[in-house]
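Chains as they are written, first to last, in this note's numbering: chain E, 5 to 225; chain D, 2 to 264.
In short, the hints are calculated from the structure, not lab data. By construction, the Cβ of each residue, glycine as well, lies at the ideal position given by its N, Cα and C atoms. Honestly, I wouldn't trust all of these hints.
Straight-line Cα separation of at most 30 Å, BS3-like style, residue types lysine-lysine; simulated pairs [unchecked claim]: (1) E:LYS203 with D:LYS251; (2) E:LYS56 with D:LYS223; (3) D:LYS227 with E:LYS56; (4) D:LYS86 with E:LYS56; (5) D:LYS112 with E:LYS56; (6) D:LYS251 with E:LYS213; (7) D:LYS188 with D:LYS176; (8) D:LYS107 with E:LYS56; (9) E:LYS56 with D:LYS25; (10) D:LYS251 with E:LYS9; (11) E:LYS97 with D:LYS251; (12) E:LYS56 with D:LYS131; (13) D:LYS97 with E:LYS56; (14) D:LYS251 with E:LYS13; (15) D:LYS251 with E:LYS88; (16) D:LYS251 with E:LYS114; (17) E:LYS206 with D:LYS251; (18) E:LYS82 with E:LYS206; (19) E:LYS8 with D:LYS251; (20) D:LYS152 with D:LYS97; (21) E:LYS56 with D:LYS33; (22) E:LYS82 with D:LYS251.
Here are some chain E residues the structure puts well away from chain D; computed CB gaps all over 12 Å [unchecked claim]: (23) LYS13; (24) LEU93; (25) PRO117; (26) LYS203; (27) SER211.
Where chain E lies over chain D, by a calculated footprint (3+ residues, C-beta under 8 Å) [unchecked claim]: (28) 81 to 91; (29) 106 to 114; (30) 209 to 221; (31) 234 to 248.
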Amino acid sequence: MIPKKGMIKASDAFERIIHWWLAITCLLLIITGLGMMFHSFNFLGIPVGGLKNLKLIHNFTGILFIPALIFAILIWWKEAGIFKFPEDLEWIKCAGGYLWHVENPPETGKYNPGQKAFFLAVAGFGVLMVISGLIMWFPLSLPRALVSWMYPLHALGLLVIFPFFFIHLYLGTIGVPGSAQAIFTGYVTRSWAEKQCPKWLKEMEESGKLEVFGEEKGASH
Amino acid sequence: MSEKAKLYDATKCTGCRGCQLACKQWNQLPAKQTENRGTYQNPPDLQPNTWLLMRFQEISNGNGGVKWLFRKDACMHCTDAACVKVCPSGALHHTKYGTVALDQSKCIGCKECINACPFDVPRYDPATDKIAKCDMCFSRIDNAMDPACVKACPTGALQFGDKDEMIKLAHQRVKDLGGNAYVYGDKFVGGTHMIYVLPEKPAVYDALPENPRVPLSVIVWKDWLKPFSLLATGGVIAGAFLHYLIHGPKDTSGDKASEGGGE
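Please model the complete structure; the sequences and the hints are all you need to start from.
Spelled out as structure tokens, the structure:
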């Protein structure tokens, strides 16, 4: 997957590293957590020498998840953390054309409202997962009433994050072809950018900040 | 296999603590150095190496005198056991007798049962990173023997047998006693497998919940969120697959000829 001439830079190396750091820790947390949530998934502890080790991996992966989450929030909150009205509302009303045929779905910036909702879910519930998880790790040093509600909160976090995570996985791969390159090489095709983030593309071109593969910075068009 | 239960009749108990010692002996739980705190209740509370504790309590008898209350505190072996509900590894489990046993080799030291138990029974041992509690002497009852505490009781305050029979005995005893006498254990958490006959109402006793139940947080967590998360997981995976089949992927090729088909 080597970028071709004319492709557009959508993400820098730091963004890509944080994305993968977050993605890998998140996936590992889901798998190890699943092993403890359902007895039928207890077998996931076998390869690591038992459920106790699975718990340790889960807890320490949680520690590694914290910096990834902080960086992710710092990187993406401006572009993906704020809804803009009324254009985002228009997009939501027609589900961005993702669920039924829409002639001209409203143009979006770098991230569409669906992606913004995903970012907010991960950021908000990610923080709650970290807090509840840390309390669950050391439950005997805190009031029982507080600790007791951390378990359902942690379960609620999975319930919210997993569906978003899976839709993100689907739309980032086979659902919207050409997207995955943005997290590997950082470059997307011009037609992809025209479809997925037209407003952002225009803004970048107008401000001369657009980076095009094989061209001098800001020299395009 | 019929359900078994242990009956503790506090009105026949002399507080000799033979049961507490027998429990330690059978389960090989040597006592630690204790100190005199001015009460027979020793150690002060249940511990990782004290699964059965005789509680002693003095109350006014109403005319200037003192009444001495005993209570044998240990796992109540709930039918609807919150600890079994939350245990991630299956270490805490119901036996064929309806009692709640503990397979310590499976315990991962997560301490979730400590917060779930309405009777505050499981104790965490930092030395082993595991939970400890009474298992109704599973190794004995599974070999047709009485639990060690029952075996040791010199007054007949402790009995072990079929659950139905123990409950019947308890109610008959309370009827005979009259007054404040009370059967504790058959009315909540699906019925416990330790039944008390108490000379006083439950509210009088230290550390004895009047209306114990599985905490709401455990119900929300295990009965609502857990099945709902399965539903959501299955739904979203099936939904994505159907979306691909019915709606198809989005066309991002920029090829004018193929437009209109994708979106």
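Evaluated hints:
Proposed proximity of LYS203 of chain E and LYS251 of chain D is supported: the alpha carbons are some 18 Å apart, at most 30 Å. For the hint linking LYS56 of chain E to LYS223 of chain D, the alpha-carbon distance of about 21 Å falls within 30 Å, and the restraint holds. Pair hint LYS227 of chain D plus LYS56 of chain E holds up; C-alpha atoms about 21 Å apart against a cutoff of 30 Å. Our distance criterion of 30 Å between C-alpha atoms is met by LYS86 of chain D and LYS56 of chain E, whose separation comes to about 18 Å.
Taking the CA atoms of LYS112 of chain D and LYS56 of chain E, the gap is near 12 Å; set against the 30 Å cutoff, the hint holds. The hinted pair formed by LYS251 of chain D and LYS213 of chain E meets the criterion: a straight-line CA distance of about 27 Å does not exceed 30 Å. Distance hint between LYS188 of chain D and LYS176 of chain D is fulfilled; the C-alpha atoms sit about 17 Å from each other, no more than 30 Å. Distance hint between LYS107 of chain D and LYS56 of chain E is fulfilled; the C-alpha atoms sit about 8 Å from each other, no more than 30 Å.
Restraint check for LYS56 of chain E and LYS25 of chain D: satisfied, since their Cα atoms lie roughly 27 Å apart, inside the 30 Å limit. Note on LYS251 of chain D and LYS9 of chain E: the hinted pairing holds, with a Cα-Cα distance of about 23 Å set against a maximum of 30 Å. Annotation: proposed proximity of LYS97 of chain E to LYS251 of chain D holds, straight-line Cα distance about 18 Å (limit 30 Å). The straight-line distance between the Cα atoms of LYS56 of chain E and LYS131 of chain D is roughly 10 Å, inside the 30 Å bound, and the hint therefore holds.
Between LYS97 of chain D and LYS56 of chain E the CA atoms are separated by roughly 27 Å; this keeps the pair inside 30 Å, and the hint holds. Between LYS251 of chain D and LYS13 of chain E, the direct Cα distance comes to roughly 20 Å. Compliance with the 30 Å bound is thereby established for this hinted pair. With a CA separation close to 24 Å, the supplied pair LYS251 of chain D and LYS88 of chain E stays within the 30 Å bound. The suggested pairing of LYS251 of chain D with LYS114 of chain E holds, with an alpha-carbon distance near 17 Å, which does not exceed 30 Å.
Between LYS206 of chain E and LYS251 of chain D the alpha-carbon distance is near 21 Å, which keeps this suggested pair within the 30 Å criterion. Proximity of LYS82 of chain E to LYS206 of chain E is assessed by CA-CA distance (about 18 Å); at most 30 Å being required, the pair is judged to hold. Distance restraint check for LYS8 of chain E and LYS251 of chain D: the Cα-Cα separation of roughly 21 Å lies within the 30 Å cut-off, and the hinted pair is therefore satisfied. Of the pairs offered as hints, the one joining LYS152 of chain D and LYS97 of chain D holds, with about 21 Å between alpha carbons and a cut-off of 30 Å not exceeded.
A C-alpha spacing of about 28 Å is found between LYS56 of chain E and LYS33 of chain D, which places the hinted pair at or below 30 Å, so the restraint holds. For the hint pairing LYS82 of chain E with LYS251 of chain D, the CA-to-CA distance comes to about 26 Å; that is within 30 Å, so the pair holds. Under the 12 Å C-beta cut-off, the non-interface status given to LYS13 of chain E relative to chain D holds; the minimum distance is some 17 Å. With a minimum CB-CB distance of about 20 Å to chain D, LEU93 of chain E clears the 12 Å threshold, and the non-interface call stands.
Listed as a non-interface residue, PRO117 of chain E keeps its Cβ farther than 12 Å from every Cβ of chain D; the least gap is roughly 16 Å. Non-interface status of LYS203 of chain E relative to chain D is upheld: no Cβ of that chain comes within 12 Å, the nearest being about 16 Å off. Distance check for SER211 of chain E against chain D: the nearest CB is about 23 Å away, which clears 12 Å, and the non-interface claim stands. Counting residues of the stretch 81 to 91 of chain D whose C-beta sits closer than 8 Å to any C-beta of chain E gives 4, which meets the bar of three, so the coverage hint holds.
Interface restraint, the stretch 106 to 114 of chain D with chain E: holds (6 residues with C-beta to C-beta distance below 8 Å; minimum three). Counting residues of the stretch 209 to 221 of chain D whose CB lies closer than 8 Å to any CB of chain E gives 4, which reaches the minimum of 3, so the coverage claim holds. Coverage of a stretch by a chain is defined here by at least three residues with a beta carbon nearer than 8 Å to that chain's beta carbons; for the stretch 234 to 248 of chain D and chain E the count is 8, and the condition holds.
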